[in-house]
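Residue numbering for the sequence shown follows my numbering, beginning at 280 and increasing consecutively.
Do not take every clue at face value.
Simulated crosslink set (DSS-like; lysine-lysine; CA at most 27 Å straight-line) [to be verified]:
no. : residue 1 : residue 2
1   : Lys326    : Lys406
2   : Lys433    : Lys443
3   : Lys406    : Lys345
4   : Lys326    : Lys345
5   : Lys443    : Lys326
6   : Lys345    : Lys433
Here are the simulated distance ranges between beta carbons [unchecked claim]:
no. : residue 1 : residue 2 : range
7   : Ala478    : Ala442    : 28 to 36 Å
8   : Glu444    : Arg280    : 24 to 32 Å
9   : Gly356    : Val453    : 21 to 29 Å
10  : Glu444    : Val494    : 45 to 53 Å
11  : Arg405    : Arg371    : 17 to 25 Å
12  : Cys284    : Tyr334    : 47 to 55 Å
13  : Ser506    : Gly356    : 55 to 63 Å
14  : Trp402    : Met513    : 39 to 47 Å
Calculated from the structure, these hints are not laboratory results.
Cβ atoms here follow ideal geometry from the backbone N, Cα and C, with glycine treated the same way.
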Amino acid sequence: RPAICSTVGGFGLLLSTMYASSLGTYLLDAVDHYVNVYGLLFATLCKCVAVGWVYGWAESVNICGKRPTVLWSVGFGLSVVTCLGCSLAISRSSTFEGDGKFLCISIPVSLLLLLLAFLAALWFWRKDHPSNLSTSPQAAVAAVQELMLSGPNKLRGSINECAKEHGNAQLPWVWDVLIKYVLCAVLPALLLSSTYSDAIGNSRGYQDYPAWLQVVGFLFLASMLLSSIVFALMPSWWDWLAGSQSPSLPKTGSTQMLCPKGLKHANSSQQLRRCCT
280 RPAICSTVGG FGLLLSTMYA SSLGTYLLDA VDHYVNVYGL LFATLCKCVA VGWVYGWAES
340 VNICGKRPTV LWSVGFGLSV VTCLGCSLAI SRSSTFEGDG KFLCISIPVS LLLLLLAFLA
400 ALWFWRKDHP SNLSTSPQAA VAAVQELMLS GPNKLRGSIN ECAKEHGNAQ LPWVWDVLIK
460 YVLCAVLPAL LLSSTYSDAI GNSRGYQDYP AWLQVVGFLF LASMLLSSIV FALMPSWWDW
520 LAGSQSPSLP KTGSTQMLCP KGLKHANSSQ QLRRCCT
C-alpha cells in the first residue's frame, strides 16, 4: 500500500503542477468537466450494468433458460437504444425542436419494444419448461422474478443480511428496479445529452475553450478509463507497482486464477468452484 500510494500520489502531484500556471483555472475547469461529466457517468453506468445484468446471469440462465434470459437482456438494451435514437432524431426536427414533447413518442415506442421482448422471453420459457407451468403455477412467478431482478435481488439479499446483523436499515425491492432499469436507462441518456451539447450544441465545444485545452481534458478522461480497464484485466500489475513481483498477462483460454484470501491457484473447475464457494 505505501508503494502504490507513493507512486500514484507522486504522479498525481506532478500532473497537478499544471494547475499552478496562468492557465490553471481554465485547465482545471476543462479536466473537471470531462472527468466528472463523462467519467463518473460512464463508471456508474458500468457498475449498474455489472450488478444488474452480469451479476447473477448464471442463476438466471439455470432457472429461466438461456433463450429467455438473452431475449430479455437484448430487448432491454434495444429499447434503451431505440428511445435514445428516436429522441435524438425527433428532437432535431423543426416540429419538436426545443420541445420535450418528443418524449411522448420515443418512450412509448421503447416500452412497446420492451413489452414484446418480455412476451417473447415468457413464451420461450413456457416452451422450454412446459412441465413447470402445468404442475406449479408458482414456478412461472419465480421465473419472472428471477428474470426481472436476478442480479440486484441477489446482491441486495447479501447486503441486507449484513445490515440485519449490525442493526442497520435494509434495502427495499425498489433498489433492484433502480439499479437494473432506471439507472441503466437514465445514465445513457445523460451521456448522450452531454455529448450532443459539447459536440453539436456548441460549435466550438465546451465553454468555447481552445481545441488543445479540450484535448487535454479528454486525455485525462481517456487515461483514467484506460488505467481502470488495464488494472481490472491484469490485477497482477498492482503487485508489480508495489514492487512485489513482475507483471503478467492473462493467458488466453486458461482457467487458472488466483483465489481470494491467499489460497493457492485453482487449476480445475471443481477446485475453482470450491475456492469461490
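Taking the hints in turn, this is what the structure says about them:
no.	hint	in the structure
1	Lys326 x Lys406	violated (33 Å)
2	Lys433 x Lys443	holds (16 Å)
3	Lys406 x Lys345	holds (12 Å)
4	Lys326 x Lys345	holds (23 Å)
5	Lys443 x Lys326	holds (24 Å)
6	Lys345 x Lys433	holds (19 Å)
7	Ala478 x Ala442: 28 to 36 Å	violated (43 Å)
8	Glu444 x Arg280: 24 to 32 Å	holds (28 Å)
9	Gly356 x Val453: 21 to 29 Å	holds (22 Å)
10	Glu444 x Val494: 45 to 53 Å	holds (50 Å)
11	Arg405 x Arg371: 17 to 25 Å	violated (42 Å)
12	Cys284 x Tyr334: 47 to 55 Å	violated (30 Å)
13	Ser506 x Gly356: 55 to 63 Å	violated (27 Å)
14	Trp402 x Met513: 39 to 47 Å	holds (43 Å)
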